[in-house]
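Chains A and B supply the protein sequences, listed in that same order. According to my numbering, the first sequence is numbered sequentially starting from 1. According to my numbering, the second sequence is numbered sequentially starting from 1.
Please note: incorrect hints may appear among the correct ones.
[Unchecked claim] Okay, derived cross-link-like pairs now, BS3-like style, lysine-lysine, Cα gap no bigger than 25 Å in a straight line: (1) B/86 to A/177; (2) B/50 to A/165; (3) B/34 to A/177; (4) B/101 to B/29; (5) B/26 to B/63; (6) A/165 to B/25; (7) B/63 to A/65; (8) B/101 to A/170; (9) A/170 to B/63; (10) A/170 to B/29; (11) B/34 to A/49; (12) B/63 to A/197; (13) B/26 to A/170; (14) A/286 to B/50; (15) B/24 to A/262; (16) A/84 to A/323; (17) B/86 to A/286; (18) A/177 to B/107; (19) B/50 to A/65; (20) B/9 to A/65; (21) A/170 to B/107; (22) B/63 to A/177; (23) A/286 to A/269; (24) A/286 to A/231; (25) A/165 to B/29; (26) A/169 to B/86; (27) B/50 to A/169; (28) A/177 to B/25; (29) A/177 to B/50; (30) B/63 to A/200; (31) A/231 to A/206; (32) A/200 to A/231; (33) B/9 to A/280; (34) A/169 to B/29.
[As the list claims (entries may be wrong)] According to the in silico footprint, chain A covers these stretches of chain B (three or more CB under 8 Å from chain A): (35) 30-44; (36) 58-65.
Hints listed in this document are in silico derivations from the structure and should not be mistaken for laboratory results. All values derive from a computational prediction rather than experimental measurement. Note that the Cβ used here is the ideal one computed from N, Cα and C, for glycine as well.
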Amino acid sequence: MNDDTCYTLPLGPQHPALVEPEYLNIHLDGETIVNVDINIGFMHRGIEKALQQRTYQQDRFLIEKICGICSSIHTLTYCNAVEKLLDVDIPERAKYIRMIVAEFERLHSHMLWVGIAGYEIGFDTVFQMAWRDRELVMELLEDLSGNRVSYSMNTIGGVRRDISKDMAKKIRTTMDKIDSRLHHYINVFVNDSTITKRTKGTGILKQEDAKRYSAIGPLARASGISCDLRKKAPYLLYDTVDFKEITHDTDDVESRAIVRLKELLESTKIIRQCLHLMQKGELTIKVPETVPEGETISRGEAPRGEIFYYVRSDGTDRPYRVKINTPTLANIHPLQSMLKGQQLADLPIIVASIDPCFSCTDRVTLIDTKTGISKTVDETYLQKLKR
Amino acid sequence: MKMLSDIIKNLIRKPATEKYPYTKKKTPKGFRGKHEYDREKCIYCGLCAKACPVHTIGVIKDKRFWQLDMSRCIFCGRCEDVCPTKCLRLGNDFEMASDKKEDFIIK
């Protein structure tokens, strides 16, 4: 980096353009971004240690609070891992209910993203409308689980609440409503010139770059890489339902919006099929408090990408080690490639286009963060700050 | 200009938001709100205290003592799940703000 011609703009950790604390050090040549240093690690909460001090059943509620948006997929993946250790097979109806809640979560998470994308490009009407339509899903979740954010639906050995006949009918009618709205938003994001002028050609992440940086989730799928775990390594009963994996290959912010929106049409399809395939039956099976010795991994496709859990048991009622890997940790590094050569004004929408969730990201990269800081905060940098 | 039809429709549509606190929304079935505790039915077995992920319930069987600190509660409903006599359930009340600490203690 040639420091003489570059202007360095530190963005964050606290900044109005970022919702969560994150530190981007942006090297600028005029208005053009030359390079970006990403520093993470401002939201360390010590969750992995806290998990070791609670029982398996109690851990569920802490895991749920890792992320407010993807709270269900976190517990789902964790419960899958513990059930693997216990060597139990949960009832079929519970599996379908888990899938329905997971798809609801994808629906409301991506709708929230559509709103944020509109907000970041200064199109507040999209923001307001998308969030209004998101309420349809939120209300379903509230009716189903009793809560809007922490659903607490999954338990080790099944699910806690059932879907009644009236509820299933309500879900079906709401899904029709959401489908029509989604078609409208796809039309808006593809054809509206106000949006396409900001999204087409911005934040390009080429397929080879996406592979090099190990991007996952909708970000990778928008660069033409097929990586949907629901297809690649089906968990629960995803292999019994019929849906398509959405990929798009224009590599820009628009592509990411299209992938997310079209994915939702598949989600509503999955929910309808689950309701159809669901048979009457038990919701939970009884599981012992203590878990036999062993270790296992479990993976799940969260709205933002792949979630990974490693659980090790030492034969007691508390886990010996739980290791969590979340999607934003993988998706934040491609930002370096995406931001290079872009205008500074496009930074918010490009950062938002990876759908970042920093509170999930910040903890496992403590070592990375240290090396990152030693690279960025050198003497010249500090002297610059002093001036 | 694809959003124009939405914008015009919104001019005549009624607001999507609810005017809380003037109109109160009905809580859904199975809502997890303020605890309802029935002292008569309680057998002081202590299962709820054992199950609680945030350790907010205290039980002493000999002294027939049961106490819950609502300010620490995360409203997961696990105490309700494990209660053998169903003396504890999460009700529909969600307006729990108070400036007195004693108001958060349920006995």
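Here is what the structure says about each hint:
1. B/86 to A/177: violated, 39 Å
2. B/50 to A/165: violated, 35 Å
3. B/34 to A/177: The given pair, whose Cα atoms are some 33 Å apart, is violated under the 25 Å limit.
4. B/101 to B/29: violated, 29 Å
5. B/26 to B/63: This hinted pair is violated, its Cα atoms lying about 39 Å apart.
6. A/165 to B/25: Distance ~23 Å between residue 165 of chain A and residue 25 of chain B Cα, so the pair holds.
7. B/63 to A/65: With a Cα-Cα distance of about 35 Å, the restraint between residue 63 of chain B and residue 65 of chain A is violated, given a limit of 25 Å.
8. B/101 to A/170: violated, 41 Å
9. A/170 to B/63: This hinted pair is violated, its Cα atoms lying about 49 Å apart.
10. A/170 to B/29: holds, 14 Å
11. B/34 to A/49: Not OK: residue 34 of chain B and residue 49 of chain A at ~30 Å, beyond 25 Å, violated.
12. B/63 to A/197: This hinted pair is violated, its Cα atoms lying about 71 Å apart.
13. B/26 to A/170: holds, 17 Å
14. A/286 to B/50: holds, 18 Å
15. B/24 to A/262: violated, 36 Å
16. A/84 to A/323: Given that 25 Å is the threshold and the Cα spacing comes to 16 Å, the pair holds.
17. B/86 to A/286: holds, 19 Å
18. A/177 to B/107: Distance ~46 Å between residue 177 of chain A and residue 107 of chain B Cα, so the pair is violated.
19. B/50 to A/65: Between residue 50 of chain B and residue 65 of chain A the Cα gap is close to 20 Å, so the pair holds against 25 Å.
20. B/9 to A/65: Violated. Residue 9 of chain B to residue 65 of chain A sits at ~38 Å, over the 25 Å cutoff.
21. A/170 to B/107: Between residue 170 of chain A and residue 107 of chain B the Cα gap is close to 39 Å, so the pair fails against 25 Å, i.e. violated.
22. B/63 to A/177: At roughly 57 Å apart (the allowed maximum being 25 Å), residue 177 of chain A and residue 63 of chain B break the hint.
23. A/286 to A/269: Distance ~32 Å between residue 286 of chain A and residue 269 of chain A Cα, so the pair is violated.
24. A/286 to A/231: violated, 30 Å
25. A/165 to B/29: Status holds; Cα separation ~14 Å.
26. A/169 to B/86: With Cα atoms ~31 Å apart, residue 169 of chain A and residue 86 of chain B exceed 25 Å; violated.
27. B/50 to A/169: violated, 38 Å
28. A/177 to B/25: holds, 22 Å
29. A/177 to B/50: violated, 44 Å
30. B/63 to A/200: violated, 70 Å
31. A/231 to A/206: holds, 23 Å
32. A/200 to A/231: violated, 29 Å
33. B/9 to A/280: violated, 43 Å
34. A/169 to B/29: holds, 16 Å
35. 30-44: holds (count 3)
36. 58-65: violated (count 0)
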